[in-house]
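Enquirer: Chains as they are written, first to last, in the numbering used here: chain L, 94 to 196; chain E, 94 to 196; chain Y, 94 to 196; chain X, 6 to 331; chain U, 6 to 331; chain V, 6 to 331.
Hints in this document: simulated from the structure, not taken from any laboratory. There's no promise every hint is true.
Stated by the list, open to error - From the derived model, a few chain L residues whose C-beta atoms are all more than 12 Å from chain Y:
(1) MET94
(2) ARG113
(3) ALA117
(4) GLY125
(5) ASP166
What the hints assert, rightly or not - Examples of chain E residues lying across from chain L (beta carbon under 10 Å, computed):
(6) ARG101
(7) THR184
(8) SER186
Glycine included, each C-beta is placed from N, C-alpha and C at the ideal position.
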Amino acid sequence: MQTHQAKRVAIIIEQVMESRLTDALANAGVSGWTVLPVLGGSGRSGEWSREGQVSRGTGMVQVVCIIRPERMDALLEAAFGVVERHIGVVTVSDCEVLRAERF
Amino acid sequence: MQTHQAKRVAIIIEQVMESRLTDALANAGVSGWTVLPVLGGSGRSGEWSREGQVSRGTGMVQVVCIIRPERMDALLEAAFGVVERHIGVVTVSDCEVLRAERF
Amino acid sequence: MQTHQAKRVAIIIEQVMESRLTDALANAGVSGWTVLPVLGGSGRSGEWSREGQVSRGTGMVQVVCIIRPERMDALLEAAFGVVERHIGVVTVSDCEVLRAERF
Amino acid sequence: MEQMLSLAAANLLSPIILSFALGVAAALARSDLNIPEAVAKGMSIYLLFAIGFKGGVSVADHGIDATLALSLLAGIVLSAALPLIAFALLQVMGNLSRLDAAAVAAHYGSISIVTFVAGTSVLESGGIVAEGYMVAVAAAMEAPAILSALWLISRGGGDGKRMDGELMREIMLNGSIVLLVGSFLIGWVTGVEGLARIESFIVSPFQGVLCLFLLDMGLVAGRGLRGGSGVLRPGVLAFGVVMPLIGATAGLATGLLLGLTTGGVALFMVLSASASYIAVPAAMRVALPEANPSIYLTLSLGVTFPFNLTLGIPVYVAIASALTGG
Amino acid sequence: MEQMLSLAAANLLSPIILSFALGVAAALARSDLNIPEAVAKGMSIYLLFAIGFKGGVSVADHGIDATLALSLLAGIVLSAALPLIAFALLQVMGNLSRLDAAAVAAHYGSISIVTFVAGTSVLESGGIVAEGYMVAVAAAMEAPAILSALWLISRGGGDGKRMDGELMREIMLNGSIVLLVGSFLIGWVTGVEGLARIESFIVSPFQGVLCLFLLDMGLVAGRGLRGGSGVLRPGVLAFGVVMPLIGATAGLATGLLLGLTTGGVALFMVLSASASYIAVPAAMRVALPEANPSIYLTLSLGVTFPFNLTLGIPVYVAIASALTGG
Amino acid sequence: MEQMLSLAAANLLSPIILSFALGVAAALARSDLNIPEAVAKGMSIYLLFAIGFKGGVSVADHGIDATLALSLLAGIVLSAALPLIAFALLQVMGNLSRLDAAAVAAHYGSISIVTFVAGTSVLESGGIVAEGYMVAVAAAMEAPAILSALWLISRGGGDGKRMDGELMREIMLNGSIVLLVGSFLIGWVTGVEGLARIESFIVSPFQGVLCLFLLDMGLVAGRGLRGGSGVLRPGVLAFGVVMPLIGATAGLATGLLLGLTTGGVALFMVLSASASYIAVPAAMRVALPEANPSIYLTLSLGVTFPFNLTLGIPVYVAIASALTGG
Ligand SMILES: Nc1ncnc2c1ncn2[C@@H]1O[C@H](COP(=O)(O)O)[C@@H](O)[C@H]1O
Ligand SMILES: Nc1ncnc2c1ncn2[C@@H]1O[C@H](COP(=O)(O)O)[C@@H](O)[C@H]1O
Ligand SMILES: Nc1ncnc2c1ncn2[C@@H]1O[C@H](COP(=O)(O)O)[C@@H](O)[C@H]1O
Ligand code: NA
Ligand code: NA
Ligand code: NA
């Protein structure tokens, strides 16, 4: 089956920043993404879990974005503007997609 | 540690189609997958989020499937039969696995 | 934008083993991971779903860990010690990260 | 007329309608107020269980009415027939594609159980009794409309195989039908004695739970309006108000023909006037994935549901009272 | 005998049993009816809190019985001893591997708190009182069985290190034990006065919440039966009915020896007859991951739980009444 | 003094405080007891709706007090002024960075609605009435403190653009404010008649729901203490007890100046003494992401909340009673 090269960008970020990030993505012309829930994790700022959350407003989410390779830089630029001052992780990996006309 | 080449297929699809997709996978001889929840997203058919759902029946899920490279085409064929008329995204990426005897 | 090579290790494992796994990771010097919820899946031990769970204590989660390539082996070693006797899947893939100083 | 106005006013200023309005306002103002999905689902299970159980107890108490079977049959016929009217009307009023029109039509033949619950609550506060088996009629009216709509599409040619056994099973055994019918039977079997044991759970807090549930419905409807407002042309919007009136008229005629009580006639009107937004949308996503969900959801939940809740129900009750001399 | 039959019939036609049956039926028919995990968990927290609190208040009200400590001790011994019987029986009746047999045995030594709650509710509707501290006995019986089962395995050789401090802590401080004991103490401290403040929350709606909770239990049990029916051979299935009867007999002897009231004896029977399906399965997944969960879950939740709920409890109550002259 | 002690003792041994203590103990012992997030959120929605509604009904019943507007204004001023005091105090007592100090200060100007609810429940059990509009004052006091804190930071230089229209909207329309004000208005409009319809939902079970909610709060606070105990130096810890006393004094003065009833004065003290842990933390994560959440959350939820709940509230009520002759 015919597949096409693409990039998969995954951004783990605080829930309160979610709409700011997706707004920034939309502004940068990125129109497709998926938001996944996150139960907990650990990083430089310590361990946390949804259940152990002191405030219920401070969970995290993962925003996954599949894009054509040539549009990657615009996306990272936009994402970085939001993520910069905040905790979170940004990863990029290669992938292939079906139905490339969608991206 | 010994690892083996494999493919990771990730399919984002509407929740109501989930059982149809996994049935198709099972019919195609694929016996391993994992279903992950999705909170929301954006695509050609607009933005949505679980909270903003007008109907609670129309959320999305992500089905992830790790398989040996040589079995990929059968899987994509089967998946595509279900996904075809529906919104959703299919990506494939390379990965390595421990315990290859499992796949 | 400047990115750096890294590995993405994803471990799907039973919820009851989660803290044992993350403890083992921490002992092996791995300090960053993210825990994602899993709705259901299928594997050698049959199909299951969170809703269909007979006991509510036996769901699964996915632990995702981004690390520098050179630290991979220590991580896999540690993870394998926990996963060994249990059902579950371990995959490794290449990815790139922003802000490499974090890992 | 006067009675109608005072009933409408009393209805508009009741805690349940104001809670709904609060939800709509919060969503339109983009407040982050939201009720967790699990809690909303829990409340809907409570409401279905309570309404079904009470219906069953009432049947146990008053005995089976000779018209029970006839009412069920009439409900099925209404549910199957209304989509045909809706489909024709949509081709005159809106200019939706055949697929979209059929999908919308399915929603209006089927019913909204929350509208039904709100209807019973208005009847109760007016001291008007209704046949207990009307909840069984509600259950019977959920599915036939879906079949009608799929028949409309298959008749127009196309690929045809929209409906399969699996989908049929999913529709007939969808959770709300099973819970409604099941608790109806439980109520029937255990009767007044059974009710006594769980009365302080399913009767006393009912109105309060309904308030919070409608708060959530308001939030959901408001979000739908915000997102879907661009989708609907004036003709389609008008359909969302005209169709319930047509449905209510059909329900009125049926109820009078069957010789039901005032409450029974009113509930037949409410059921026929209401549009589904839970069972049917899910079925449409499987059977007609090409139809645009924004259209049918916005119309059913954002236009028709609030219309029935605020204006429709008191009007239907007043008309039923007038015509049955209740 | 007559009394037993009428009690059994009354029990079978009570709203709570019928709700359970509805759940099983819906699951077997593969309806999509389901209660969100969070809501089910919320209801179980409510039930544990209410039952613990009321037990504590009753102790505050009637004073401590001299047999409290003895009852706790007896519960611990029963919980530790029953797995040994179960293990021996399984080697005669089924032919499970040692690992599977030990895992199953652990479940039958431990207890099911929902079965206990259903038992108290049958006692209440029969106007039979029981010692308030029986909820403390229930808590004491949760864990010892797990240790017994692990001892059985380690005795048979193998890698041995199944149990560690972490697992021990997890078992002893598992949420339901903590909540049960905690609310028991709160009820004890605040007494009748405290109860008065929250009575309309924890007493009046109790039966109704139990209905919805058992509806969910029925759904879960039904799904388990659907999935696990192939796993169980006839011998193992029979064990699921025989073992509770053996447990009940042991509980009966214990209760009579201790000189408890009719209700206390009946509850000792219910506890010993019931099999865990929450705390123990989780512990087994950690300590005996090679044991097959389908076997012990299907047996405990799909066979023994419904058996106790429908037939077991009324029989135990009738026997306890007959033998204590209650 | 004697009255104060007996009130404090009665408070400490009430089911709601003991439930909170149970939660703290379970968390500190690392039990896996936990209440699903959705259920906890559902309970908080219930509490907000009930408290708002009852406040509105009481205003409808007693008419608007001339001091309503003045009280709202006073609440806003207090909320804006207290962070300035807190900020200064923190620079003397702790040695937090300016950012951390400002973030903490914002929490203490704003309010904790659960502390407020606990306060009303203590008043009720003492038979002390309060102005119904105090819930509106509570809502008015949520946001101003955030603006004060951001002003403190911007004054100290730095990048400045911390606050934007979007954040402002998010703060003003945060779910709990909207629900509190909304249900207050609904209660006001529907009055005693509306209350009668939903009384058995929002009045009778209130105390019981509060118990379970505080159990969850205890779990959350206990987890926070376990994780955050290392973060807080003695000076900062002391601040968590001193600042509520300062706040309560300011609230006392305000309440007396306004000439409120005993209950009104006590609630003004409770509001000023309480520290936010829901609305403000979320705002801080957006506006001051560099500030350390462990500090302000542990302080507000782990120190000040339990202090107010156990000792503070009864003391404030006793003082208000003494000084108003109530
Ligand atoms: N190496 C990593 N791999 C996976 N997730 C990570 C990693 N580092 C951080 N995270 C996630 O990002 C969150 C914030 O990380 P940090 O900014 O390092 O505190 C953590 O709680 C994790 O959920
Ligand atoms: N480029 C993308 N990257 C990640 N997720 C996407 C992308 N495009 C679509 N999706 C997901 O697939 C759903 C349906 O997409 P679509 O069919 O384009 O409307 C969206 O709501 C997203 O959850
Ligand atoms: N090939 C696979 N791809 C994705 N997930 C899998 C795969 N195999 C197993 N899993 C996941 O791991 C769980 C346990 O698998 P198993 O140990 O094979 O029974 C399954 O329920 C799935 O969630
Ligand atoms: Na209809
Ligand atoms: Na037992
Ligand atoms: Na304050």
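Enquirer: Failing hints, ascending?
Expert: 5
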